[in-house]
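> Take the two lone chains, each set in its own frame, and fit them into one complex as the hints suggest.
Chains A and B are the protein sequences, given in the same order. If you're matching positions, the first sequence starts at 1 in our numbering and goes up one per residue. If you're matching positions, the second sequence starts at 192 in our numbering and goes up one per residue.
In short, the hints are calculated from the structure, not lab data. These numbers were taken from a predicted model, which means no experiment stands behind them. Any given hint could be a false lead.
PhoX-like, lysine-lysine: derived pairs with alpha carbons at most 25 Å apart [what the hints assert, rightly or not]:
id : chain 1 : residue 1 : chain 2 : residue 2
1  : B       : 644       : B       : 603
2  : B       : 386       : B       : 435
3  : B       : 233       : A       : 80
4  : B       : 452       : B       : 515
5  : B       : 386       : B       : 443
6  : B       : 435       : A       : 109
7  : B       : 443       : B       : 401
8  : B       : 692       : B       : 717
9  : A       : 109       : B       : 515
10 : A       : 154       : A       : 109
11 : B       : 606       : B       : 634
12 : B       : 386       : B       : 320
13 : A       : 98        : B       : 515
14 : B       : 401       : B       : 505
15 : B       : 435       : B       : 401
16 : B       : 673       : B       : 588
17 : A       : 174       : A       : 123
18 : A       : 80        : B       : 505
19 : B       : 603       : A       : 180
20 : A       : 130       : B       : 515
21 : B       : 386       : B       : 401
Below are the chains, spelled out letter by letter.
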Amino acid sequence: MENVGVCDEFVNLKATELRLGLPGTEDGGEEERQKVSCCKSNKRAFPETEKDIESTGKTKPASPPKAQIVGWPPVRSYRKNNIQTKKNESEGQGMYVKVSMDGAPYLRKIDLTVYKQYPELMKSLENMFKFSVGEYCERERYKGSEFVPTYEDKDGDWMLVGDVPWEMFVSSCKRLRIMKGSEAKGLGCGV
Amino acid sequence: MDLRLPSKVLEHILSFVDSNEDRNSVSLVCKSWFETERRTRKRVIVRNCYAVTPEAVARRFPEMRSLTLKGKPHFADYNLVPDGWGGYAWPWIEAMAAKCPSLEELRLKRMVVTDECLEKIAASFKDFKVLVLTSCEGFSTDGLAAIAVACSNLRELELRECIVEDLGGDWLSYFPETLTSLVSLDFSCLDSEVKLSDLERLVSRSPNLKSLKLNRAVSLDALGSLLRLAPQLVELGTGSFSDKLDQEAVSKLSQAFSEMKELKSLSGLWDVLPEYIPLLYSVCPGLTSLNLSYATVQMPDLVELLTRCSNLQKLWVMDLIEDKGLQVVASSCKELRELRVFPSGAEGLNDTNVAMTEQGLVSVSEGCPNLESVLYFCVQFTNAAMVTIARNRPNLKCFRLCVMEPFAPDHKTQKPLDEGFKAIAERCKDLQRLSVSGLLTDKAFEYIGTHGKKLRMLSIAFAGDSDLMLHHLLSGCESLNKLEIRDCPFGDTALLENAAKLETMRSLWMSSCCVSFGACKLLSQKMPKLNVEVIDEHPLETRPDSSPVERIYIYRTLAGPRLDMPEFVWTIQKNPEIGVSHLAIK
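Isolated chain B (complex conformation) (with noise of 0.2 Å):
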């Protein structure tokens, strides 16, 4: 007697199951349990590009409806990952043409996308909605044009802090007038104005649309009669925020805000003059996510803002905001769950504002009780402040502190921060994100190795004294997906020593360490299933084992090597021939 469900009944069961998470876990179950996940299976996440091959993704999902893609390693962000690297767009964007013509979304992160990736989704796609491009380059406003055109049911577009080849405002005039389906628009980072008439045309006949983005270029004036079109909206990113407007123009912009019952986030705000502050006061209260940090207000003029922003669970601010204004946040934004600090000095150190230091985010972490995930950018830090965010916050899930000045010890004791990072893994016990800086010796690294049990993602710069600190992180981290490190001294002896820890992660990184090439061999040979790349753009002409190299990109694979490689990277199949009897190991 055949007991097995039948499949009709599990693709309804599988129907209400839309975690991944879960639906990898109903696919190990069976064969025939894989083959239904699989086939009912709509949206796919490959967080690393070259973990497997555009076509298996095809062949396994054929109902794909929405596709994830993460390119590029975190550290590209810092412009540590040479040009030309890799992370291109183009061979997924070519598979699902071919096998799933069906694909409605696309979400790309640090990925290299050309126009011809955005002429081909235009053309291969009928049904093709939503298209949102973060962190990604290599492609200009005429691939945008190209979208604009051609997808007449689209929803999506937003262009998150990507670097386009801005040839003109023009593309946005390409939407058509039968477009009407729009929901989200985001043009923040481009630099080209656009055509003011199409914008407030395209706003009109969007009936759903929800959020909108705009970019710099986009006046005060201009935003004005574009609330008035768009009353509905939920997401706002206004454009700059300063020229001068007489009396009429700026009530009647105070009238449009008024107007905006919905509206929960609101971004932009570009060279907001202080003056015009008292015109976000009505929709504060209703704000839930509100992104200054492009903002240069002054500590006064934001105290005024942020006290009526009762609802706050997000906040992007730069330090411009100083400790007591950070105090404000912590007595009025009772509901904030982020907080992310930057630097307002482009230079780093000498450009920093230093009337904030600890004591902000200390007193953050004492009046928000949700306060789950911080991102802090500050000039020094000492370990008792630590201590007492971990006190207060033990419900932290996200910290990353950066102390801007390499191997800045406690600046009150003058001791290294050990004991503080000590501190947020042990009480932090649902930690998963971890970044550190400033003076660290190879104890931080026990102590988080001891305690991170639920670290996923741990990033680390200038610190350490040895081995041991890798050896520690990777034999103790139980949950460790992903490690990147800068400029610490160590290599080869842990690495060799936990490679088959590395098979349970999704990457490592590590940059100006002291890994050897020989190692890097080694380790090759021993983990067939990881793709070690080392990417020098320096190499010594003849290239001992004992070298070391400048950069190593570690991660798990089931696509082998990958075929797209530049020169400057290195794997051992491009030199089958290896002589690993003389390693220098340490």
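Okay, chain A solo, but in the shape it has when bound (with noise of 0.2 Å):
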């Protein structure tokens, strides 16, 4: 697996590979620890890593949740659970949502309630990351875009802009990544 090749030259070997179980125990310990290692991080990889899972055609709309380290990045509780409540009370007035995409460096947020279907968010979407994504057909979805919108909904799921009316995608989208095109094929079949 590329992912491991490129962060073998990095943290080297298992025996320094750092683990919030007890060192010492192998896979499991305690359940709220899970294991930190940048070979299993889920995040934005170092830009190589990125082109070679694209290269290997490998499919990874859905991730899996991420590692949750206790106590990182070393934010107070009282600053995260600050941040927290203005994140629950802008859900009131607004939906803001945050839009990434994949190879831009910049994160936007944009506010759901602003738009009244999706050709407005689509439009919205393309002049903010300036690229296009063609036309939706129920059949083929976005077939032949070079890009494809896809958003994170209540339970955690990847789904396809488009494929729900678009209320019942007001009240479920957390998230929006705009994604390259060959990564989101999995999300083709099925909601």
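This is the structure:
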């Protein structure tokens, strides 16, 4: 796995692999701790490794929940809680969701309540990130587009934007991700 | 002939000696100086509440007027210390109530403070003036009411980032009408709404009020009327800055701000809407401290604000400022001394605005000649950037870099960040506090050990290769006072070899490292003046010497083992039968 190969250069050895479980114990350990290793990270990998993933044709659209390391990054709970509250409150007036696009260095936030239907949303996204997504049609979805808009719903599943009625989308969308077309193959079938 | 200085003369001389460091030196000269000093010391600071007993402190300093205490280790801020570990304020308050009833000021940090504690303070210290609680927990708003109602000479009541059981806003109404001495009030960490009319009356009858930090529940409209009542404020923490106001209210608020000629520090600004930022323009030139770290202001709006803050010395902001915003800081805020940039995403990496990179900090290091304290959260970093920063700012005293991706190397060269931190340690000769992160090998710590001679506090996470790392630090950093380490692969050998060093330090914290139980036992045996606490929430049933411990907290103490340990804290006093014959020391 390319991912592991690249990381091995840095991390070096299983012997120095750092885990939050008790050293000396193998997999498992306490439930509340999870493994930490850059090889297992689902975060945006270094640019090289991302290309590797794409070239091997692996589809990784549905990222499993990322490892939550206790107390990392080192931000006081007080501060974390207050940012959290902010998020909840903003859900009251306007539905702000984060939008990321593969390969773009910026994250954006948009207010879903500002749009009335999908075409408006798509136009806005296209303007924001300077890409084009082509036509959405029921049968073939975004076939042929270089970029495919996807979103994470309340259950943590990654779905194609446009598959469900607009209102359902607005109420269940947690965040948006504009994926490279090749990566989103897995989402084409089934919802 | 008695050539000693008469104690009355010495007392008079000592009344000019404020610094506790100097007073500590004075007390070592001879017995009579020790006696005179201790009887005249008014301000006592105990930076580890378990290093000494409350009774001993009360006995030594009978004229104490001000007591400052710190409890839990720093990593408690990041949930690494289990609940119930300790840090209780009660024994101190009880001891002071009995022996030092003239106590006027109490400042507690990271301690467990209960309502009983607050009631005891209210009942015991007749001239109580100052209560400052930072990162404390365990009390409710009922305790605050007790303080409010009883302390008739109260000057300062500050709750900084405390976790308070909020039973409502009534507590504020308990300040009696006769209380007119208030200088500082900070209730920014509370949730509930206080009664505005009571707050207004309190502010109107407090002519000496200089610092007011409101909580989020105080509306923008209410802010207007409060500012009109207290235009003399030097420090202001606003409440929520997002209600929709009509034109008249907006211009009234603008007027109120422009009347505030003394304002130096501004914070709060929760949820600030971009259209309200211009309201702040009139106070910007006077500001020396600006805390925008809870304000979700995006970059373009920030720029207008920051270009007007030419006298700013302290800036706390979120990474929403982006590199571009930091460039503006570099060109507009030439007096800047302290910069803190916090992550805007609560969940860390995936939420982080990647448009802020190492470049932002480089710009500030170039443009701000007085920059000496940095806290910077960033997704990734480079060695070149750190080398540049070190070259620009050899006057750095505090450099805390948090590369949020564990083991992230230099994102341009893919090398470890060793060279970068080497430059910082080497060039910044007055560096006192350092936090390292990113991919680091033992080499980085060799550099820090070699050059970090003035380093007092060091924080390390996910770094290093072996015991050498710890060895370099403990043997090299002469001034090391506090060392905290998490998730690094070493333990026993370096720890035991440098055991003597631990007595010269305030404390050492290590969690999720490779320290064995046997080493802890041996260390405890070797160093009786240290408390070696093994903090294990999930210990194995039988604890072989080779088993690793979850956390170890070692601190020097005159008080011996503490009496308030929960069951998940082990010290050697709990288990006197130690067979140290087969220790697994790597």
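> With reference to the structure, classify each hint as holding or not holding.
Each hint tested on the structure:
no.: 1; hint: B/644 - B/603; result: 30 Å, violated
no.: 2; hint: B/386 - B/435; result: 21 Å, holds
no.: 3; hint: B/233 - A/80; result: 38 Å, violated
no.: 4; hint: B/452 - B/515; result: 30 Å, violated
no.: 5; hint: B/386 - B/443; result: 21 Å, holds
no.: 6; hint: B/435 - A/109; result: 22 Å, holds
no.: 7; hint: B/443 - B/401; result: 21 Å, holds
no.: 8; hint: B/692 - B/717; result: 12 Å, holds
no.: 9; hint: A/109 - B/515; result: 18 Å, holds
no.: 10; hint: A/154 - A/109; result: 18 Å, holds
no.: 11; hint: B/606 - B/634; result: 12 Å, holds
no.: 12; hint: B/386 - B/320; result: 24 Å, holds
no.: 13; hint: A/98 - B/515; result: 21 Å, holds
no.: 14; hint: B/401 - B/505; result: 19 Å, holds
no.: 15; hint: B/435 - B/401; result: 28 Å, violated
no.: 16; hint: B/673 - B/588; result: 15 Å, holds
no.: 17; hint: A/174 - A/123; result: 19 Å, holds
no.: 18; hint: A/80 - B/505; result: 22 Å, holds
no.: 19; hint: B/603 - A/180; result: 24 Å, holds
no.: 20; hint: A/130 - B/515; result: 21 Å, holds
no.: 21; hint: B/386 - B/401; result: 21 Å, holds
The structure fails hints 1, 3, 4, 15 (numbered hints given earlier, in ascending order).
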